[in-house]
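Number of protein chains: 2
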Amino acid sequence: MSDHFPRYAYEDFTIGSEWSLGSKLVTAEEIIAFASVFDPQPFHLDEAVGKSSILGGLAASGWHTASMFMRMFCDAYLLDSTSQGAPGVDYVKWKRPVLAGDTLTGKTTILDQRTSRSKPSLGFVKMHHDLFNQHAQLVCELEHTAMFSLREPIEP
Amino acid sequence: MSDHFPRYAYEDFTIGSEWSLGSKLVTAEEIIAFASVFDPQPFHLDEAVGKSSILGGLAASGWHTASMFMRMFCDAYLLDSTSQGAPGVDYVKWKRPVLAGDTLTGKTTILDQRTSRSKPSLGFVKMHHDLFNQHAQLVCELEHTAMFSLREPIEP
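Protein sequences, first through last, are from chains A and B. Per the numbering used here: the first sequence ends with 182, consecutive numbering throughout. Per the numbering used here: the second sequence ends with 182, consecutive numbering throughout.
If you are wondering where the hints come from, they were derived from the structure by calculation, not from laboratory data. Quick reminder that beta carbons are idealized off the backbone N, C-alpha and C, glycines included. Hints should not be assumed to be uniformly reliable.
Below, a sample of chain A positions facing chain B; criterion: calculated Cβ distance under 10 Å [unchecked claim]:
#	residue
1	Phe64
2	Met96
3	Cys100
4	Tyr117
5	Lys119
Only chain A is shown next, with the shape it has when bound in the complex (with noise of 0.2 Å):
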């Protein structure tokens, strides 16, 4: 789509790397408009109403928590990647509610990397993402196979 090679690609996921997610301030505004769109349930709606439930507060729904997670690891190298997508996630875990006021990081690490037997040029690469808030407790972690071109094919 441009001149461009990506930064990063398959051969830069080494097994054991870890990879910084950057950092996302989550608004009270925000929460409420994508609930509104997604997830209209009072406690991610409603700042009372969050407050008096086991949330604590106005909180994000996790389906929020899991789309930003996507820009963070967007914005952190998936955009300057030779990415091809993934067909799913493996889990998704909620640890703690992401409340509006929190700033949220990551990392990524890389838990395992392979190359494709029919498709020469194409590799696997299986990751683990958390998401801690301002207090470094881990609000949400998730992994996934994501497929990834390699910088230099295999020679058949």
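Place chain B on chain A using the hints.
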């Protein structure tokens, strides 16, 4: 939060029962709006790029599809239930692209239910959800265990 007792409680989610998730038309504007905020990969933002990719058209972000599922789930029965949330999802599989102009339908199948040992007013319901396009092709499936209050808590 209101005097209305929800229509659906733990007891209603019997193993093997199926629950319709209604339907949802997916527009190009919605696909682009979601992707602009959460997943700005070119094939989610630009119809020409999507058409020339293996996705075959302007395709929704996988997280957008999951979020649209959440809204369908809310409107179909969750918002009128004793839902107490869910700690995560076991998996999400994106089986086919969701394209601009598609109409999604879906159903939930109840895989398992059990009451909490520590909290007799609470039960766990394992749910499988399928989303289809207008050609009856499976586009997304996911599973998770949700918590619901019992209508009539078990006597201790």
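A quick look at each hint next to the structure:
1. Phe64: With a minimum Cβ separation of about 4 Å from chain B (threshold 10 Å), the hint on phenylalanine 64 of chain A holds.
2. Met96: 5 Å, holds
3. Cys100: 6 Å, holds
4. Tyr117: At about 6 Å, which falls below the 10 Å cut-off, the nearest Cβ of chain B leaves the hint on tyrosine 117 of chain A intact, so it holds.
5. Lys119: Holds, because the Cβ-Cβ distance from lysine 119 of chain A to chain B comes to roughly 4 Å (cut-off 10 Å).
Every hint, counting from the list given before, is met by this structure.
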